[in-house]
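Which chain is which? The protein sequence lines are A and B, in order.
Reminder that position 195 of the first sequence reads as 195 in my numbering, one-by-one numbering, no gaps.
Reminder that position 150 of the second sequence reads as 150 in my numbering, one-by-one numbering, no gaps.
Simulated from the structure, these hints should not be mistaken for laboratory data.
Where hints are given, some of them may not hold.
[To be verified] Short, incomplete list of chain B residues facing chain A, as computed with Cβ under 7 Å: (1) 111; (2) 114; (3) 117; (4) 122; (5) 136; (6) 210; (7) 212; (8) 225; (9) 337; (10) 340.
From the three backbone atoms N, C-alpha and C, an ideal C-beta is built for every residue, glycine too.
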Amino acid sequence: MGTEYKINKLDTSGVGPLVDKHWNELREAKDKGMKIAWCSGPMFIYPYATPNIASHFMAGYAAYCGGRGMADEVLEAAERFGEMRDTCSYHRLHTGMAAMIMNDWPVSNPQVILPTPDLLIGGRFCTEMSHYMEAIHRRFGMKTVTIELPSARSRDDLPRLEKFVTNQVKETLIPAIEEVSGSKFDEENMRNIFRSWKEACIIRNKCWEFFKRKPSSWTLWDYGVSIAPIFYAMGKPESLEYYQDLLKQLEERAEKNIYAVHPDGEKYRLYWDGWLPWSFLGKVIRIMIPYGAIPIAGRYPWEFFSHPDDIDPEADDIIHEWIRLIYTSPNTLSYYDGPWGGQDKIEELIETYSIDGMLFFSSKTCRMWNLGQQEIIDNIEKKYGIPGVVIDGDMIDSTMFAEDQMRTRIEALLETIDARRK
Amino acid sequence: MEEIMKGFVKYTSDPYSAIEEWKEKNQKKVIGIFPMWLPEEIAHAAGMLPVVMWRSNEAITWGYAHVPPYNCPMNKSVVDDAVKGKLKFMDGMVFLRECLQSQEVPFIIENNMPPAFEEYLYMPPIYHASNADLEFTRGELERLRKSLGEFGGEEITDEKLNESIRIYNKNRSLLRRLYDIRRKKPGIMPARDILKVVWSSMLMLKEDHNKLLEALISRLENNGYEPVKGKKVFLSGCLCIHPQVELLDMIEDLGMIPVDDDIYVGYRYFANDAEITDDPIGALTERHFIKTPVDPARGEVEVNWGKELVDKVKRLNADGIVTLMTKYCPPHLCYYPDVKTVLADAGIPEVLVEIEHEIISYEGVKTRLQSFKEMLGGV
Chain A
1 MGTEYKINKL DTSGVGPLVD KHWNELREAK DKGMKIAWCS GPMFIYPYAT PNIASHFMAG
61 YAAYCGGRGM ADEVLEAAER FGEMRDTCSY HRLHTGMAAM IMNDWPVSNP QVILPTPDLL
121 IGGRFCTEMS HYMEAIHRRF GMKTVTIELP SARSRDDLPR LEKFVTNQVK ETLIPAIEEV
181 SGSKFDEENM RNIFRSWKEA CIIRNKCWEF FKRKPSSWTL WDYGVSIAPI FYAMGKPESL
241 EYYQDLLKQL EERAEKNIYA VHPDGEKYRL YWDGWLPWSF LGKVIRIMIP YGAIPIAGRY
301 PWEFFSHPDD IDPEADDIIH EWIRLIYTSP NTLSYYDGPW GGQDKIEELI ETYSIDGMLF
361 FSSKTCRMWN LGQQEIIDNI EKKYGIPGVV IDGDMIDSTM FAEDQMRTRI EALLETIDAR
421 RK
Chain B
1 MEEIMKGFVK YTSDPYSAIE EWKEKNQKKV IGIFPMWLPE EIAHAAGMLP VVMWRSNEAI
61 TWGYAHVPPY NCPMNKSVVD DAVKGKLKFM DGMVFLRECL QSQEVPFIIE NNMPPAFEEY
121 LYMPPIYHAS NADLEFTRGE LERLRKSLGE FGGEEITDEK LNESIRIYNK NRSLLRRLYD
181 IRRKKPGIMP ARDILKVVWS SMLMLKEDHN KLLEALISRL ENNGYEPVKG KKVFLSGCLC
241 IHPQVELLDM IEDLGMIPVD DDIYVGYRYF ANDAEITDDP IGALTERHFI KTPVDPARGE
301 VEVNWGKELV DKVKRLNADG IVTLMTKYCP PHLCYYPDVK TVLADAGIPE VLVEIEHEII
361 SYEGVKTRLQ SFKEMLGGV
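The following block holds chain A by itself, in its conformation from the complex (with noise of 0.2 Å):
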């Protein structure tokens, strides 16, 4: 008779009360006097650091949704307004959020409703994250602010690139924020969100070692719903108290040899591309854990800022510094982000992570890492012999996710993976 694998979840329970305090903070602004911005793409932080301005940011919310359950009737009220399935889920959840508001529609989960906002930031580092800005304009009028970030084709074009993003964001997106907030940009502020960040991400990156223990002590999954202090708490000292707890958690699992997969490690460590599967992360696991297989690691869940080290909170300029991380720092989300530097990056967590096969998660409706993937499959599999399938589907629409489909493709690559081991 075979193993009998179980899932061990970490206690990620701390990160449903720092994600409700967020959201809720948000409701709350207004009656404080504050005003709200609502941002896609990463240039969520220059609101973050202006004190009477109270932002989300797309992803967030799209995360927040899929994963509290409460995306499909946002979806259904997009689809009423006349948004069409092909339009990516996040843009959908937006509109259709603006639908409800707009039309005064009966709503069953009132947490799905955020107040409307004074400001729109789009960072098309996606373009259609600025796609959806534009919506969100037609229907209210909001001053819209929009940074182009483009990903990058090769390491020579970052300089140029990073330059030009800090160019948009001091001609025309910190004039806006300052017109809206009513102040002067808050620069120490954000001096110390990045001092506070830099420790979370330093105490992560600890998190990070034990994915390289085999077995593993924790799983990708456990690490995807630990984004959220990264993001929700940016420069709050709660961030840092979730990441020193899990640190605590790993190392107490590492002395007592407890593994992320009952009863003694997982059988398969898989690598996972592109988004994480936000409203059914565990659908996913569940199809994966009978054969003893466990997400490691992935491209976008190491976007966010690995290279700690290099964030300068007292560089000269802390509003360039931001776009720094992004374009030349060693992190180079933007050059990792696309094909080319993707390709790179897959292959340092492949090696780093000890990594058996590579999993693709191609979203429908989102096509930001669709094109490609069967390419690097291929490159990676020459060098290392590493097999990968590409797996559809969608983060959050429930009418794109087909578990048989899923369930084949990964059967398919575990004995693959077990043809190569033999």
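Position chain B relative to chain A; hints supplied.
For chain B alone, kept in the frame of chain A given last:
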């Protein structure tokens, strides 16, 4: 007339052979330009033939090993053609960051069929037209001028570039005249022929196209015109790719006459000239930031596509709009609900037809268009 059309149709019926034949005869380089924002003038000024990449008329097969089915038809088509070796006649290719999907196409091309010359331009959206945007765009275009000049072995001077802009402006002006004629004399040419005239402009040497166009326009202006009965419709959308001619035939067969459009292989392609100045790169930069016709991919909040369409339909006294949406095109998908709302508020009838690489069911489309025609009045 038929003889003139043959000159255009030669290119649209089999662009691969026609361009290869031209290349063989003229011994010049061919540069594939990804739609929709790149100034072909720069490649033309380098003494090369710029051709705008197109949607093939062949079913996608090998391409699906590289591009998921839920990606845009333009990408699927270009990749499919490339991996099948059908684009070998292109000495170079120029790509751009325009939308989420197109920005990654060159990665697949480089992995499978790298051309001798390749350039990638980070063309920005046009929201603010800030100094940062203008300076950066200018830099990108200068980069293309330099690299194409090096590839061609000859510097692309301002004079050469201005000469190309002049030729291209003439072409745009002639195409606008053709559209004026159609607006005044609806149905003077079948929509499929108008499409072929515009599409061939993207595939042919502009000087040759200008000659054919002049002959065509002269004929249209001087020949008699028998008014065609039908409901006047405006075609909107269809970014990057050309619609199937069978679809245009169907619209006309059902008693509707396309009188104008804002589709890419249509008015959008030739709407805006670049000025002739002593700074041609500056002129091309300025043109990139022109806000009309509204381009949902280019990103803009000060102008509204729906309102622009309402104005156009009213000016033309058209009866309705046929939206042609390139399937899986996020810029159009994200904008469409708002366009539809504005049109509905203005009382303008509209119908949506999705354009895939291969239209799965013409019968389904026909039913939809028939119903639309009935809505417009008359069966």
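Would you pick out the hints that fail for this structure and give their numbers low to high? Per hint list: 2, 3, 6, 7 and 8 violated.
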